[in-house]
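Chemist: Each chain is listed here by its residues.
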Amino acid sequence: MSARGDDGGAGTWVGRPVPRKEDPRLLRGIGTYIDDVPEPRGTLHLAVLRSPYAHARIGAVDASEAEALEGVVAVVTGADIADLIPPFTADYERPGFKVSRRSVLATDKARFVGDGVALILAENAYVAEDALGLVLVDYEQLPAVSDIEDALKPDAPRVHEELADNVLVEGGHGTEGFNEVFEAADHVLRERFRVNRVAGVAMEPRGCLAVYEKSDDAVTLWTGTQVPHMLRVGIARCLGWPESRVRVVAPDVGGGFGPKMYLYPEELLAVAMAREYRCPVKWIEDRLEDFLTTLQARDHVYEVAVAFDGDGVVKAVSVDALVNSGAYSTYPMGVGLEPFQGPLNMPGPYRFRQFAFTCKGIATNTCSTGAYRGVSAPGVAMAMEGMMDRVARRLGLDRVEVRRRNLVGPDEFPYVNVVDQLYVTGSYVECMNRALEMVDYEGYLAARPPERLVDGKYRGIGVAVVTELGGQGAARYKARGLSDLPGFDTARVELGPDGRVLATTSFSSQGQGHETVFAQIVADELGVPVDDVTVRGGDTGASPFGTGTFASRGAVVGGGAVMRASGELREKVRRFAAHLLEASPDDIVLEGGHAHVRGVRQMRIGFRDVARAAHGLTESMQLPEGEEFGLEAAATYDPEASSVSNACHIACVGVDAATGLVEVERYIVVHDCGRVVNPLLVKGQIQGGVAQGLGQVLFEEILYDAEGQMLSGTLMDYMVPTALDVPTLEMEHVESPATDNIGGFKGAGEGGVIGALPAVACAVGDALAPLGANVNRLPLRPDTVLGLIEGVGA
Amino acid sequence: MTARRDVRVTVNGRAYTRNVEPRMLLVDFLRHECGLTGTHVGCAHGVCGACTILLDDVSIRSCLAFAVQAEGKEITTVEGLADGESPNALQRAFHENHALQCGYCTPGFLMSLTEFLRETPDPNEAQIRERLSGNLCRCTGYANIVRAVRAAARRPRDEDCAP
Ligand code: FES
Ligand code: FES
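Chains A and B, in that order, give the protein sequences.
Heads up: the first sequence at position 595 corresponds to 595 in the working numbering, and the numbers run straight through without jumps.
Just so we're on the same page, the working numbering is the position in the second sequence counted from 1, plus 794.
Think of the hints as simulated: they come from the structure by calculation, not from any bench.
Only a predicted model underlies this, so the values are computations on that prediction, with no experimental measurement involved.
Take the hints with a grain of salt, since some may be wrong.
[To be verified] Chain B is faced by these chain A residues, among others (derived, beta-carbon under 8 Å):
#1 G31
#2 E123
#3 E180
#4 V181
#5 D252
#6 F352
#7 T722
[To be verified] Output of the computed footprint for chain A on chain B, the stretches with three or more beta carbons under 8 Å from beta carbons of chain A:
#8 869-876
#9 930-936
Quick reminder that beta carbons are idealized off the backbone N, C-alpha and C, glycines included.
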C-alpha cells in the first residue's frame with residue numbers, strides 16, 4: 001500500500017490524495033474499537049435499568065430477585081450512589097440560563113424514557129441483561145411533555161420542578177435600527193420552518209471500559225469519545241478526584257458526528273464502580289439504548305420574516321428559534337449550543353445588514369439534545385435558502401438572480417457580516433457560478449415543461465449557497481460563555497533516535513483520517529516522507545492537553561498545532577545538522593529525510609545521524625553550543641477567528657406523483673475549504689456529509705408520542721440512507737486559503753450536511769411549486785410529500 | 795439455565811472448540827470466545843450488516859445466529875481475507891479508493907462483497923448498489939465503496955478476491 005501521492009516525487013505532501021495510514025489495520029479487522037479492548041480478568045459487566053416512562057416519580061426499588069441471580073455482583077440504585085457521584089452539568093455563564101443538573105442515576109424522578117434508574121454489575125453481559133428484568137421499581141407516572149410548543153404552555157408538566165418553567169436558556173438580539181428598516185421595506189414574507197429531530201447513529205454504539213489500577217488507586221477509562229481531555233476534566237471534577245487518578249483513552253472510534261463529544265452518565269458510573277468494586281467495569285450499549293440515550297439534535301421551529309425591496313434585495317431578517325433541549329443540560333457544551341448557533345448561522349453568505357433574533361432552549365421529557373454534524377446550521381440554511389426562493393417567486397425573478405443580488409461578492413472580502421462574523425476570504429459567487437455551469441441550469445429550466453411533470457415525476461432543482469463555521473478557538477468559545485471548552489489544541493512532535501517522527505496530538509479520531517493528514521503536514525514541515533511519520537492521540541496519559549475534535553476544527557486547530565510544533569522542531573534539526581555539517585543553520589535545507597547545505601547537495605546528513613547525535617548515541621559528544629539533548633517540540637494553537645468554508649450545492653430531484661417518493665437524480669457540490677490537505681479525504685467528508693443531510697431531508701426522524709414514548713428505536717423505524725438513496729456527487733473544489741490562520745485551512749467536516757438540507761428541500765419546493773405546495777417541514781417522506789401534492793397540509 | 799454445549803467450528807482455517815451457553819450469539823462467540831474482534835456489532839437486530847460473515851461460504855448476519863448453529867461448519871471472517879500482512883484485491887481497492895472512514899462498518903461490507911464478487915464477477919453499478927444496500931455505512935455516503943467494488947472487479951484473475 002503505497003503512501004506516495006500522484007507524482008511520487010519529493011516535495012509537498014499537503015494537497016495530495018494520500019491514501020490513509022489508518023486503513024490497513026481497519027481493513028484487516030485488527031483495529032481496536034471499544035468492545036475490542038482486551039477485557040482484563042475479572043471484568044464486571046454493567047447494565048443500566050432505564051425508565052420505561054417519560055416522566056415518573058421513583059418509589060421503592062426491589063432488587064432482591066436480581067441480586068439473587070447467579071452471576072450478579074451488585075444492584076445499585078440512584079439513591080445508593082447519590083453521595084458518590086454528585087449531579088453534573090456544564091457551567092454556562094450567560095444571562096437567561098438556568099441550571100438543570102443531572103444525576104447519573106435518577107433519584108427523585110425519571111425525566112425521559114431511558115433515564116437510568118439503577119445499575120447491575122454482573123459477571124457477563126448476558127446475565128447483567130437477565131437481571132434488568134428482575135428489578136422491580138415503583139414508578140408513579142406523571143404527565144409528560146415531548147413537544148416544544150406544548151412545553152411552553154403555562155400548564156405544561158414541568159421537567160424540572162425547581163425551575164419556574166421549561167425554558168432552560170433564552171436570548172436574543174437585534175441590530176440597531178432593525179424595526180425602521182424592516183417596516184420601511186417594500187415586501188415582507190413570513191414562514192415557519194419545522195426541522196426534524198434526528199440522531200447521529202454512529203455505526204459503533206457507545207461503550208466504555210473502566211480499569212482500576214490498584215497500584216495508583218487510579219482508573220483508566222477506555223471510551224469511544226471525541227474529547228478525551230474534556231472527559232478527564234469533567235470526570236475528575238464530578239467525582240472530586242485529582243486528575244492524575246483518571247486517564248481517558250479513546251481507541252478507534254466507530255463514528256462520532258457530535259454526539260460522542262459529551263460526558264455521559266455511564267462513563268461516570270463505570271469509573272466510580274471500578275474504584276468502588278476494585279475491578280474492571282465494562283458497559284456496551286445496544287442500538288435501542290443508543291436511540292434512547294445518545295444525544296439527539298435538531299428538533300427546532302424557526303419563525304422567519306424577511307423584508308426586501310422590489311429588486312429582491314433583502315433588507316432585514318428576523319428569526320425566532322425554538323429548540324427542544326430534551327430533559328437535561330449537557331457537559332461540556334451546555335444547553336445553549338443549538339439555540340444560539342441557529343440564529344448566528346442564519347445570515348450565512350448573505351449581505352443584509354439588519355437582523356433580529358430570539359431563541360429558546362426548552363426542556364421536555366425526551367433525550368437531551370446537542371451537537372450533531374453542522375449543529376443548527378443545516379436547518380437555518382434550509383430556512384434562509386427557502387426564503388430566497390420565496391422572494392424570487394413573489395417577485396417573479398429567477399432565484400439565482402435573487403441570490404446574486406444578496407451574496408457577499410468576490411471583491412467584498414474581508415467582510416464582517418451582520419452578526420459580526422468575519423469572512424476573511426471566500427468564493428460564494430464563484431462556487432455558485434461553477435455549480436450552475438456543471439448542472440447546466442439554464443438548459444435544465446428550458447428543457448422542463450411548465451407543469452414540471454416528466455414520466456410521472458415532478459422535476460425540481462434546488463440551489464443552495466452555504467457557509468460552514470469551523471476551527472473555533474478560545475476567543476469564540478469564551479464569547480459564547482462556554483466555560484468548559486478551552487478552545488486551543490496541542491501537538492508534540494519528536495524526531496526519535498532512529499530518525500523517524502512521532503507526532504502526538506490532543507485529538508482522538510473517529511474516522512477523519514488524522515493519522516494521515518497530520519502526517520502530511522509534518523512531512524512538509526520537516527522534509528521527511530509521510531511514511532516516516534506516525535501520528536498518535538486520544539490518550540490523556542500520553543497526549544498533550546487540548547480541546548478535541550468537533551465542529552470542523554481538526555485541520556484548522558489540530559493542523560495548526562502540528563504545524564507550529566513541527567516548525568519549531570525543524571529549526572532545531574537545522575541547528576543540529578548545521579553543527580554536524582559545519583555550516584550555518586540558515587544554509588541548511590531539509591528534504592526527503594536528509595539535511596543538506598543549500599546548493600551543495602553532496603554535503604548532506606541523514607535524519608537518523610542527526611537524531612543519534614541529538615540523543616547522545618554517538619562516540620563523541622556532538623551537542624552544538626547552547627543546545628539541549630533531544631529533538632522534540634510542543635506547541636499549542638488557538639486560532640483567533642473561526643474559519644469559514646463555503647459551498648454551492650445543487651440538487652435535481654424527481655418527485656413521484658403517485659407515491660410521493662423523492663429521488664435525488666443529480667447532486668453537484670462546488671466546495672471551498674481553503675487550502676486542502678488531502679483532496680481524497682475532503683471529498684470523502686463531503687460525500688458522507690451530504691449522505692447524512694439527505695437522510696435528514698428524506699427519511700430520518702426521531703419520533704416521540706405525546707406521552708414521550710419513542711417510536712423510532714430500531715434501524716427499521718429510523719431509516720438511515722442506504723447505497724440506493726445516495727447518488728455519487730459531482731464535485732469540484734475552489735481554494736480560497738484562510739489568511740488569518742497558520743495553515744490556510746478551513747473546516748470541511750460539516751459543509752456536506754449544511755448544504756444538503758436546503759438544496760434538497762428547495763428542489764422539492766421547486767418541483768411542487770406549480771401545485772402551490774409549501775415545503776417548510778422535514779422530513780420529506782412519501783406520505784408528507786403526497787400530502788403536499790394533494791394539497792393537504794400545505 | 796440450559797446446560798452449556800461444546801461448539802466446534804473452523805474459523806479462517808483454524809479449529810476452535812469452546813464450551814458455551816446455547817443462547818450465545820454467533821457474533822459474541824467469534825468476538826469474545828475466539829478473540830476475532832474484526833466482526834462488529836452495529837445493531838444486533840439484523841439491519842446494519844456490520845456483523846456479516848461467511849458460513850460455509852454463504853454470507854449471514856452473525857448477530858442473528860446462535861453459536862450452536864455453526865457447529866461443525868466453516869466460517870470466514872474479515873481476519874481471513876488478507877494473505878498474512880498483504881491485503882487482498884478488495885481490501886486494496888477499499889484503501890486506494892478511500893472507501894472507509896471510521897471503518898466500523900467495513901468488515902461487514904468486505905464479507906458481503908466477497909460473496910457478491912464471487913457470484914457476480916463483473917457487476918454494473920445498479921447491481922453493486924443493490925448489494926450494498928444490505929449494509930449501512932454512516933460515514934462514507936457509499937460513493938467510494940461503489941468505486942472500490944468496480945476497481946476490485948477489474949483486477950486480473952490472479953488477484954481474485956475470493957478467500
Ligand atoms: S449487528 Fe448484525 S445486522 Fe447489525
Ligand atoms: S466507515 Fe464509518 S460507518 Fe462506514
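Chemist: State for each hint whether it applies.
Modeler: Hints, one by one, checked against the model:
1. Annotation: G31/A was flagged as interfacial toward chain B, and the flag holds, the nearest CB pair being 6 Å apart, inside 8 Å.
2. Checking E123/A against chain B: minimum C-beta separation of about 12 Å lies over 8 Å; hint violated.
3. Interface restraint check: E180/A against chain B, minimum CB-CB distance 46 Å, threshold 8 Å, status violated.
4. Interface hint status for V181/A: violated, as the beta-carbon distance to the closest one in chain B is roughly 42 Å, over 8 Å.
5. The beta carbon of D252/A is positioned within 8 Å of a beta carbon in chain B (closest approach about 7 Å), and the interface hint is therefore held.
6. Checking F352/A against chain B by beta carbon gives a least distance of about 33 Å; that is not within 8 Å, so the hint is violated.
7. Hint status for T722/A: holds, given a least beta-carbon distance of 4 Å to chain B, under 8 Å.
8. Counting residues of the region 869-876 of chain B whose C-beta sits closer than 8 Å to any C-beta of chain A gives 5, which meets the bar of three, so the coverage hint holds.
9. With a threshold of 8 Å between beta carbons, the proposed coverage of the region 930-936 of chain B by chain A holds, since 7 of its residues qualify and at least three are required.
Figure legend: structure checked against the earlier numbered hints; hints not met, in rising order: 2, 3, 4 and 6.
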